Amino acid sequence: MKITRQGFFWVTGLATLAHAGRKVLAAAAPRRWAMVVDAQKCLRDQGCTKCIQACHRAHNVPQFREPNHQIVWIWKERFERAFASQQSEYTAETFRDKPVLVLCNHCNNPPCVRVCPTRATWKREDGLVMMDWHRCIGCRYCVAACPYGSRSFNWVDPRPHLPVLNTDFPTRTKGVVEKCTFCEERLARGQAPACVEACPDKALVFGDLADQDSEVRKLVRARYTIRRKPELGTQPQIFYIV
Amino acid sequence: MFMFEKAVTGSRRYWLWLLALAVVIGLGKLAYLYQFSTGLGVTGLSRDVSWGLYIAQFTFLVGIAASAVMVVLPYYLHNFKVFAKITILGEFLAISAVTMCMLFVFVDMGQPTRVLNMILHPTLNSIMFWDFVSLGGYLLLNAVIALVTLDSERKGVAPPGWIKPIILLSIPWAISIHTVTAFLYSGLPGRSLWLTAILAPRFLASAFSSGPALLILLCLAIRRLTKFDPGREAIQKLALIVTYAMIINVFFVGMELFTALYSQIPEHLEHFHYMFFGLEGKTTLVPWMWGSVVLAAVSLPLLIIPQARQNERLLAVACGMVFLSLWSEKGVCLVVCGFVPSPLGAVTGYSPTLPEAAITLGVWAVGALMITVFYKIALSVRESVA
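Just so you know, the protein sequences line up as chains A and B, in that order.
For the first sequence, counting from 1, position 119 maps to 158 in the working numbering; every step adds exactly one.
For the second sequence, counting from 1, position 347 maps to 357 in the working numbering; every step adds exactly one.
It should be emphasised that the hints constitute simulated quantities derived from the structure, not laboratory data.
Just so you know, not all the hints are guaranteed correct.
[To be verified] In silico lysine to aspartate or glutamate, DMTMM-like type, Cα no more than 25 Å apart, as pairs:
no., chain 1, residue 1, chain 2, residue 2
1, B, 292, A, 116
2, A, 115, B, 290
3, A, 137, B, 290
Just so you know, these numbers come straight off a predicted model, no measurement behind them.
Assemble the whole structure, with the sequences as input and the hints as a guide.
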């Protein structure tokens with residue numbers, strides 16, 4: 040078969056298009072970002088706050104001495120508080136007071152998004168529950184709606200309360216709500232969330248639940264995991280191995 | 011213009027009262043400027059208790075606004091002539107109350123300069139958007155109705171025919187404002203105190219007792235301070251409405267208590283425990299809740315026993331009690347206790363700060379000022395006609 044110059048261009052052109060098309064399709068297939076927290080591994084060093092520090096430093100989360108004004112994106116909560124309905128009086132010694140890492144659950148059916156009157160908080164295709172700090176009017180309806188206490192409000196100007204300033208990430212103004220965004224800015228660069236990267240015990244596993252072969256999918260399939268308040272129908276996307 | 015010339019002529023007492031209100035408004039404004047520049051951190055609110063006095067006042071006042079329907083409905087739907095003299099008072103009360111509601115939401119906003127985002131990005135799935143729509147619509151309806159009917163009265167002619175359908179529309183609309191306001195709360199997962207189907211009916215019952223109770227007090231004050239007499243029969247009919255609504259309200263609260271206490275589901279129980287006894291030593295709200303219970307318990311026999319109700323002195327006492335009881339329950343406890351314990355079980359105390367109280371008083375003073383001026387206009391029109 041004779042290959043003409045025109046034919047060669049056609050074939051290579053179509054092949055390139057097809058390749059690009061496949062890539063685009065693969066990228067367009069909805070991802071479902073999720074996290075598995077291995078509480079056993081996390082408990083190895085109960086005083087460890089590396090993930091919290093990494094997150095709060097990366098995102099310019101202010102630190103307040105006044106507890107009423109506290110802002111947190113990821114923090115440690117006592118087991119009995121994080122999993123209020125799953126304790127008994129006999130779990131006391133073994134588990135009740137143990138710290139559990141909690142953050143925004145990036146719910147598949149988020150009540151905060153449902154209530155926001157300005158769509159300043161919304162859910163992305165890939166499951167990330169996002170926050171627009173420039174649109175938020177500070178009504179705090181989302182704070183009332185979140186059953187996990189994952190949302191913080193800037194009661195005063197946060198900027199004087201930043202221990203270090205990360206110039207690569209926006210700071211916030213007073214009067215807006217903020218929370219964990221699953222490191223949307225890092226995901227866009229193909230990096231894992233800051234907390235996942237900072238964990239020395241690899242207790243935090245992040246990935247795409249929609250992908251059959253992802254590590255999170257395998258873990259959720261193989262191990263027994265629990266979620267916070269699944270009975271509320273919010274479909275939280277943070278899974279805990281306890 | 012809008013008969014406002016009637017508001018700028020008055021006795022020395024009238025002007026002194028307006029001056030006093032202006033002083034309170036001025037102090038509230040100063041406190042608000044402080045809050046505006048520093049942030050909502052000047053209030054007693056916190057991460058756990060993120061709504062407080064402002065939103066509770068808003069909730070209570072939506073009820074006062076909705077209660078205008080209790081005079082509008084008998085008068086326009088059943089042609090109950092006794093209310094002819096006071097219908098306009100109910101409508102002006104509604105206008106003032108809705109304005110206060112809007113001010114309370116406004117002072118609670120973290121970014122008040124972005125308030126137009128509510129209109130620029132209308133969000134149909136947000137109950138707050140619908141509350142905004144229903145409150146705004148109600149304000150407009152009542153403003154149009156009050157001005158048109160009063161203007162007709164001034165001219166000594168029958169109101170134009172087109173106002174009738176608008177008046178009829180305002181009746182279900184009044185029900186809607188308090189229903190939607192209840193939905194703000196009762197649709198939230200994880201806030202067990204509010205997650206109850208009876209919240210909207212309960213809001214309506216408390217609205218239809220506290221609102222007419224306030225209207226009775228205003229009528230009695232008007233009779234004492236001006237030449238205008240709203241009429242004994244009108245006041246007695248209002249008293250009957252207060253009585254029935256208060257009984258229904260107490261019954262509904264009993265329903266709530268039964269469900270929580272008998273099911274013994276901790277999430278439902280804890281909020282009531284905090285309300286009535288406190289948790290972890292935090293008992294700030296306990297006196298307010300018991301105060302509300304005692305006032306309700308004493309007001310009921312005063313209202314139910316005909317001899318007591320027909321005695322206007324005792325009626326005034328009973329109405330004051332109803333108003334204070336429901337204010338304490340709805341305008342203080344119900345909103346705050348929904349946040350305690352938090353979804354994570356944290357028990358965080360809340361007491362309003364001085365600036366917060368000053369702003370709250372300032373908004374109330376705006377309402378009082380509006381009522382004074384509106385009533386002055388309405389009564390002056392009546393006097394000049396008569």
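Going through the hints against the structure:
With a CA separation close to 21 Å, the supplied pair residue 292 of chain B and residue 116 of chain A stays within the 25 Å bound. For the hint pairing residue 115 of chain A with residue 290 of chain B, the CA-to-CA distance comes to about 21 Å; that is within 25 Å, so the pair holds. For the hint pairing residue 137 of chain A with residue 290 of chain B, the CA-to-CA distance comes to about 21 Å; that is within 25 Å, so the pair holds.
Taken one by one, the earlier hints all hold for this structure without exception.
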